[in-house]
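*Asks:* Sequence:
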Amino acid sequence: MFLTGAFAVFTALFRTVAQGANTHQAGSSAAVLRSVASPKNAYALHQQHSDHHHRHTKQVATSTAHTVTKQMGFEYRLRVCNAYPYQAAIDIYHKNTQLTKDAPLPYKHCKDFESRLAMGDKIEFTVDDTNAGTFSVAELPPHDAVLLLVIYRHDTLSTAVSFEPHVYANLLNAQIAIIDTYKGSAKARLSIDDHPDSKSSRSEELRFDSVVAVNEGRYRAVLSSEGGEEIASAPIVCLNKESYVILRVGVESQSGKSYPQELVVYPMSDPYYLSGAFSSKALSAVSSLLLAIFIAIQLT
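So the sequence shown is residues -20 to -1, 1 to 280, counted in mature numbering (1 follows the signal peptide of the UniProt record, and there is no 0).
Since the hints were derived computationally from the structure, they do not count as laboratory data. All figures in this text were calculated on a predicted structure; none of them were measured in a lab. Some hints could be false.
Stated by the list, open to error - Label-pair distances were calculated between CB atoms; the ranges are:
hint : residue 1 : residue 2 : range
1    : R187      : Q67       : 25 to 35 Å
2    : N220      : E94       : 16 to 26 Å
3    : R57       : H175      : 38 to 48 Å
4    : L137      : S205      : 38 to 48 Å
5    : P240      : R182      : 19 to 29 Å
6    : Q78       : A166      : 29 to 39 Å
7    : E119      : S204      : 37 to 47 Å
8    : R187      : E94       : 29 to 39 Å
9    : T136      : G207      : 19 to 29 Å
10   : F54       : S181      : 39 to 49 Å
11   : P215      : R169      : 14 to 24 Å
12   : S235      : E55       : 18 to 28 Å
Unchecked claim - Quick list of in silico lysine-lysine cross-link-like pairs, BS3-like style, CA-CA up to 27 Å:
hint : residue 1 : residue 2
13   : K167      : K179
14   : K102      : K237
15   : K88       : K102
16   : K237      : K167
17   : K75       : K102
18   : K91       : K81
19   : K237      : K221
20   : K75       : K91
21   : K237      : K179
22   : K167      : K88
23   : K179      : K88
24   : K102      : K91
25   : K179      : K91
26   : K237      : K75
Heads up, the beta-carbon is just placed ideally off N, CA and C, and yes, glycines get one too.
Build out the structure end to end from the sequences listed, making use of the hints.
*Replies:* Quick look at the structure:
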């Protein structure tokens, strides 16, 4: 068994409110990560509703401000995933600074941003220079952490967006947040399997909207239909102390273009740094260096 246990339960903190045909309050849920080994790592994300709504003529997306937590004196890394099915990429702003100045964030892409978060900060999202939504920071857990923020489609009818926030706990194992952003009638199951090159062939089902701790290693995330037919797959290399996300993305749109079910895995870690491989390669490099030094000494 390569999963070390399911350490999280998602609780619904955001509620969907329709106010007119094209104006929506984004609905989502926030994660509560509970570590069996260290209950002190448990925390909750909270939100405050805003009466201010954003609309634009292209009807790309509408959203209200959302909140996540912060306390002073800790370092937070912002990780944003674009799970919103649309041909145009998203620009992200924090404190009037464009985080995506190198390039906007395309659909099915994630990126980490070096940006100091503080209570009351707002993270703004734009599409084609038009406001798509705003996420407000209210507080964060009392430890260094990675803040994951996923922007995705609210429903199959409108072009409104929703946000899915998650703050990773500090674990020794690799941890994976499994988030389902797909909108449509299709049902699917997600599993994590041993890598095809592995000597074993284990497979374990992953529950959507949960967080699991995983032993270090090379795996394959597999999305299957209820009948067992493989829909999509993606490799995932899990390193200790790293935080990962697996997203089910896509939309069965009732208005506009539809996007198929796919999997997004982030980050894509280098298998070179797996403990066994890295240790043996490092030892080999050290041995070669010592041998070269010994030969050089002998020749002098």
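*Asks:* Each hint needs a verdict: does it hold in this structure or not?
*Replies:* So, going through the hints one by one against the coordinates:
1. R187 <-> Q67: 25 to 35 Å: holds, 32 Å
2. N220 <-> E94: 16 to 26 Å: Holds - the Cβ-Cβ distance for N220 and E94, about 23 Å, lies within 16 to 26 Å.
3. R57 <-> H175: 38 to 48 Å: For H175 against R57, whose Cβ atoms are near 28 Å apart, the range 38 to 48 Å is violated.
4. L137 <-> S205: 38 to 48 Å: This hint is violated: roughly 24 Å between Cβ atoms.
5. P240 <-> R182: 19 to 29 Å: holds, 28 Å
6. Q78 <-> A166: 29 to 39 Å: Check passed, 36 Å falls within 29 to 39 Å.
7. E119 <-> S204: 37 to 47 Å: Given about 39 Å between the Cβ atoms, the range holds.
8. R187 <-> E94: 29 to 39 Å: holds, 32 Å
9. T136 <-> G207: 19 to 29 Å: Roughly 22 Å apart at Cβ, these two residues keep to the hinted range, so it holds.
10. F54 <-> S181: 39 to 49 Å: holds, 42 Å
11. P215 <-> R169: 14 to 24 Å: holds, 18 Å
12. S235 <-> E55: 18 to 28 Å: violated, 42 Å
13. K167 <-> K179: violated, 31 Å
14. K102 <-> K237: This hinted pair is violated, its Cα atoms lying about 30 Å apart.
15. K88 <-> K102: Between K88 and K102 the Cα gap is close to 23 Å, so the pair holds against 27 Å.
16. K237 <-> K167: holds, 20 Å
17. K75 <-> K102: holds, 7 Å
18. K91 <-> K81: holds, 13 Å
19. K237 <-> K221: violated, 39 Å
20. K75 <-> K91: Roughly 18 Å separates the two Cα atoms, so the pair holds.
21. K237 <-> K179: Roughly 42 Å between the alpha carbons, so the hint for K237 and K179 is violated.
22. K167 <-> K88: This hinted pair holds, its Cα atoms lying about 20 Å apart.
23. K179 <-> K88: violated, 31 Å
24. K102 <-> K91: holds, 18 Å
25. K179 <-> K91: The hint is violated at about 33 Å.
26. K237 <-> K75: Violated, because 33 Å separates the two Cα atoms, which is more than 27 Å.
Figure legend: structure checked against the earlier numbered hints; hints not met, in rising order: 3, 4, 12, 13, 14, 19, 21, 23, 25 and 26.
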